[in-house]
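Chains A and B supply the protein sequences, listed in that same order. According to the working numbering, the first sequence holds residues 1 to 250 in order. According to the working numbering, the second sequence holds residues 1 to 87 in order.
Worth double-checking, as some hints may not be accurate.
[Unchecked claim] Residues from chain A shown here face chain B by an in silico Cβ test under 8 Å; the list is partial: (1) P170; (2) A173; (3) A185; (4) P196; (5) Y202; (6) T224.
Keep in mind that the hints were calculated from the coordinates and are not lab data. Given the structure is predicted, the values throughout are model-derived calculations rather than measurements. We put the CB at the ideal spot given by N, CA and C, even for glycine.
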Amino acid sequence: MVLEADILKVFLYTGAALSTGIASLSAGFGEGYAAAHTARSIMRQPNASSVLTRTMLISQAVVESGAIFALVISMLLLFGGFTQGGADWAKAFSLLGAGLAIGLGCTGPNFGSGYSAARAIEGIGRNPSKSGRITANMLIGQAITESGTIFALVVSLLLLYTVPAQMSEPSLAKMIMKACAYITAGIVIGIGTFGPGTGIGYVAGKANISISKHSKDQGVITRTMFLGAAVSESTAIYALVISFLLIFVS
Amino acid sequence: MDPNTTQILAKGIAQGAAFLGAGICMGIGALGPGVGEGYTAGKACEGVARSPEQAGLITRTMLIGQAVSESTGIYSLVIALLLIFTT
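Starting from the given sequences, assemble the full structure and let the hints guide the process.
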């Protein structure tokens, strides 16, 4: 049941295109949102333009990371040598799943990081003297937000490299079962990180704007942010567990 | 195709569909709780900033609200596990 090289290429190219395509869409949206709020804040506070521009660039670099992971997976799909040695249908679907996992998986975190960045920039625009505290909180918040992207990256790499190119005892029924399990492993972590990603981004954004208004209470605000973000993250972890079960137990 | 092969094939398709269902269930099921709990925590941050002396009460309310929101996420997890292991 080894696939012809040309049919395998259909899966590889589709996976590579979906991965970077979907990831770039959300990264562009998040970065643009941050940039729009930078422009608005500079309009209000032209004196703080240098610190606002610097914060914008730092935050955009973090938002970009999801798209960069997706680009890496696309490159691996295109040039990773998966066409050599032949592959069966299950492996072909796992390659498509790897592209979908990182592509869909960084959508929510990118929206969330973009929101968090925009609120931090708005806060610095209101209160430029507290830019250090706000930037620190923004980076912590974005790091927690991006954890969904890291989960998706882990699943993508597992689908690329731990799934055997050919099954040991191939049969049509087993092949269908495995193909479904592998593509679903990609979809579940892809969709599953969307909610937590946007949710944690919202928490981090609200924490940033709150610190700009009441900077003396930074400790308690950051603590509440951590606690809330950790609870929001739980559903992404459930999705990761289901993904691992589908890859290793199915 | 003889009946025996068809039966084995049908079993494989059914198992594959159960895996697909498990993934879609957990994937979409994680969406609501994630956004909802994040919204709760965001508003709690705002509240704590406005009246820090009530931080304990606000955090407690936030955790209770999030625990209730989480329940649908746990239902999705249970259904996904059932679909993977009992079919």
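To see whether the hints hold, each was checked on the structure:
Hint status for P170 (chain A) relative to chain B: violated, with the closest Cβ pair at about 12 Å, above 8 Å. Here the hint on A173 (chain A) is kept, as its CB sits about 3 Å from the closest CB of chain B, short of 8 Å. A hinted interface residue such as A185 (chain A) counts as satisfied when its beta carbon comes closer than 8 Å to some beta carbon of chain B; here the least separation is about 7 Å, so the hint holds. Given the 8 Å rule on beta carbons, the hint for P196 (chain A) holds: about 4 Å separates it from the nearest Cβ of chain B.
The interface hint given for Y202 (chain A) is met, as the beta carbon of that residue sits about 4 Å from the closest beta carbon of chain B, less than 8 Å. For the restraint placing T224 (chain A) at the interface with chain B, the shortest Cβ-Cβ distance is roughly 5 Å, inside the 8 Å limit, so the hint holds.
When the structure is compared with the earlier hints, a violation turns up for hint 1 alone.
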